[in-house]
Amino acid sequence: MVRTIRKPWVLALALSVLAGACLTLSGPPAAKSDRGLKFPHKKHADEGMACPDCHEMQEGSPVIPKHDFCSTCHDFDLEKPTPEACGFCHTKPDNTVAPLSRRLGGDLKFSHEKHAGANVECAACHADPDTAPYPSGNLMTFCMDCHAKKNAELNDCKVCHEQLDKSVRPTMHGKEHIAHDAPLIWKRIHGAEYRKDNAFCEMCHDKEETCEACHRKNPPDDHTVSWRRKSHGMRAEWDREKCDMCHEEEFCVKCHRSTTPSSHRSGWGEPLNRHCTTCHFPPRESGCLVCHEEVSHDEAPRSPHEAGRYPANCRMCHPVVPGRAPHVINTTMTCDACH
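Residues are numbered in this note's numbering as their position in the sequence shown, beginning at 1, plus a constant of 27.
Simulated from the structure, these hints should not be mistaken for laboratory data.
Even for Gly, the Cβ is constructed at its ideal location relative to N, Cα and C.
Watch out, some of these pointers could steer you wrong.
To be verified - When the alpha-carbon atoms are kept at most 25 angstroms apart in a straight line, the in silico SDA-like pairs for lysine to any residue are as follows:
#: 1; residue 1: Lys119; residue 2: Asp102
#: 2; residue 1: Lys177; residue 2: His250
#: 3; residue 1: Lys107; residue 2: Leu135
#: 4; residue 1: Lys141; residue 2: Gln190
#: 5; residue 1: Lys223; residue 2: Cys173
#: 6; residue 1: Lys223; residue 2: His250
#: 7; residue 1: Lys136; residue 2: Glu111
#: 8; residue 1: Lys244; residue 2: Gly218
To be verified - Listed next, with one range per pair, are the computed distances between beta-carbon atoms:
#: 9; residue 1: Pro247; residue 2: Met167; range: 34 to 44 angstroms
#: 10; residue 1: Lys119; residue 2: Glu189; range: 25 to 35 angstroms
#: 11; residue 1: Cys97; residue 2: Leu135; range: 25 to 35 angstroms
#: 12; residue 1: Glu236; residue 2: Phe103; range: 52 to 62 angstroms
#: 13; residue 1: Phe169; residue 2: Cys273; range: 53 to 63 angstroms
#: 14; residue 1: Asp80; residue 2: Cys113; range: 15 to 25 angstroms
#: 15; residue 1: Ser285; residue 2: Asp192; range: 12 to 22 angstroms
#: 16; residue 1: Ile91; residue 2: Glu148; range: 17 to 27 angstroms
#: 17; residue 1: Cys184; residue 2: Asp80; range: 52 to 62 angstroms
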């Protein structure tokens, strides 16, 4: 017969003892690997030395100076080394130095020479060579943030990556950016992600080549036939900025040159007093003539008088206030008001 533990604290105590045993068996966490060198970067920097004084810039990691180079400043006998002299820089009895491990991934490349040539300070990436020799956090995010501020090329992946593989997602696509390899989820939410931070997406994705090329064949889920025919105008009126994320004004004009909006058909204009500026805003100087093809006075694109060299502007006399057709405000205006 199986007995049930009725007192939760008994179970908690048992788990605690078991966890302690596991820690005892596994031992303490492994210490960080020792390359065999101890070098006081701060002390040398305080003496006025700069990073390039010791490190030759090249593709990949900077060159680590050897004994001959150090002996130009430090007085020690390379022919008869002593433990005290060696212990100034070396931590291992055999004075061996492990190769400098590359924190970059296997397909990444980095040119210290190019960055130094662009006047990028070593401290921009290596804040403290003794305690924090590499940038903290996500390396790709660190690089992209810096390059974005300097208006550097961001869409050319080959600048940093040796091999390009579409199946490998960027390391910066963590929890805050849903993985592209979850197609059902990504298809549903990528539009919202783009609206939230379109500049982030455009660091890698070209708007025309990526977004428009796909959406020409696959419209967004909410862009149904019914939405296109009946309600997209209202949506544009409510949230114009959302539409502008993908569509420019020419997109709307190109379609509506041949297709009259449904609201412009029956009952448009007076006496309902619907107004053009609901959609057409801001109105241009000649924008009124798009709808008002016939006016009660002659059109004056340019004043014939020497004193007035500027084209006539409808809005100088007619305000764009909804519901006030023909919205005349200057009924007594004469020529000498301007001339």
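Verification of the supplied hints:
1. Lys119 <-> Asp102: Distance ~21 angstroms between Lys119 and Asp102 Cα, so the pair holds.
2. Lys177 <-> His250: 38 angstroms, violated
3. Lys107 <-> Leu135: 42 angstroms, violated
4. Lys141 <-> Gln190: Roughly 20 angstroms between the alpha carbons, so the hint for Lys141 and Gln190 holds.
5. Lys223 <-> Cys173: This hinted pair holds, its Cα atoms lying about 21 angstroms apart.
6. Lys223 <-> His250: 20 angstroms, holds
7. Lys136 <-> Glu111: Violated: Lys136 and Glu111 sit about 38 angstroms apart, past 25 angstroms.
8. Lys244 <-> Gly218: 16 angstroms, holds
9. Pro247 <-> Met167: 34 to 44 angstroms: Since the Cβ atoms of Pro247 and Met167 sit about 29 angstroms apart, the hinted range of 34 to 44 angstroms is violated.
10. Lys119 <-> Glu189: 25 to 35 angstroms: 33 angstroms Cβ-Cβ, so the 25 to 35 angstroms window holds.
11. Cys97 <-> Leu135: 25 to 35 angstroms: 30 angstroms, holds
12. Glu236 <-> Phe103: 52 to 62 angstroms: 60 angstroms, holds
13. Phe169 <-> Cys273: 53 to 63 angstroms: Taking Cβ atoms as reference, Phe169 and Cys273 lie about 30 angstroms apart, which means the hint is violated.
14. Asp80 <-> Cys113: 15 to 25 angstroms: The hint (15 to 25 angstroms, Cβ to Cβ) holds, given that Asp80 and Cys113 are roughly 23 angstroms apart.
15. Ser285 <-> Asp192: 12 to 22 angstroms: Hint violated: Cβ distance 45 angstroms, outside 12 to 22 angstroms.
16. Ile91 <-> Glu148: 17 to 27 angstroms: 20 angstroms, holds
17. Cys184 <-> Asp80: 52 to 62 angstroms: 34 angstroms, violated
In summary, the numbered hints that this structure violates are 2, 3, 7, 9, 13, 15, 17.
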